[in-house]
Amino acid sequence: RKEVEQDPGPFNVPEGATVAFNCTYSNSASQSFFWYRQDCRKEPKLLMSVYSSGNEDGRFTAQLNRASQYISLLIRDSKLSDSATYLCVVNDSWGKLQFGAGTQVVVTP
Amino acid sequence: SAVISQKPSRDICQRGTSLTIQCQVDSQVTMMFWYRQQPGQSLTLIATANQGSEATYESGFVIDKFPISRPNLTFSTLTVSNMSPEDSSIYLCSVGDGNNEQFFGPGTRLTVL
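Chain order of the listed sequences is A and B.
For the first sequence, the numbering used here begins at 1 and goes up steadily by one.
For the second sequence, the numbering used here begins at 1001 and goes up steadily by one.
With the rest of the complex left out, here is chain B:
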């Protein structure tokens, strides 16, 4: 399976600021996704990152708050904008194969003070 890396691995941020998380894959992939996992909770899909077009957001997530870029088939970024403590979470990117299986990056642990 593809090797997926994320940067940063963790960060502590002040409320009102923004953080951009990078996801890099070692091979070209069609499907990339961004998830959030809040403490003690399951994974929630934020959006599907589409190469060359706007991301597809899930209910409850909007582009102004979580802008996503996907400039090519190996890279995507997720920005968490105007952060509040409620945004403290683990953010994970994943890539999909043709069998609906998904493989996850190591995650970015975000704490907002």
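Chain A on its own, in the form it takes in the complex:
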């Protein structure tokens, strides 16, 4: 079983709509959680860290559910520029980061 699993998508989202997707992780001892964004043929860029209480950064909201071992990302009022692959990242028992394969989001006009 993979340490971090994501729905690969694509999630096709009309501009202005809301999209949400989850990521599950297998290691209950994980302490750090992140969402990265990766544009086509570019490096991953840190979007936001995910805190136990959940956190919001503008149109982006991240939640952590430790009991069910998943994190979520919600994007409100989607923009065309939000089209990207979103990588779920979790630290493992040795403090190393494990990357999910990514969820592709396509925002359409």
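Hints are computed from structural coordinates only; laboratory data are not their basis.
Mixed in with the good hints there might be a few duds.
[Unchecked claim] Straight-line Cα separation of at most 30 Å, DSSO-like style, residue types lysine-lysine; simulated pairs: (1) 1007/B x 1065/B; (2) 96/A x 1007/B; (3) 79/A x 1065/B.
Remember, it's a predicted structure, so these values are computed and weren't measured experimentally.
Chain A is fixed; fit chain B onto it per the hints.
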């Protein structure tokens, strides 16, 4: 966050040859890492580059195939040795901060013929 550059940005190489990728950071960083991202796949950690000592390799990666240097706190190199087409991938260096966050260089796109 630190500014990270990688050279070359891309290369096309013949099988059996070796390529050295450079990663330069504009400030001193404690943690540097090398990853591989194969087409359509997620990132896989190759090794942690340790300053002044041998790199720490992940399962499935060995020093003979992927020698790494880290002569100081701002620079590291990864060599892909005796390349085969299976080594075609994007190679990324990253630097870590104290919060487990990592920031990535622009990557090196390698094609092996």
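Item checked: Structure versus earlier hints - violations, ascending order -> 3
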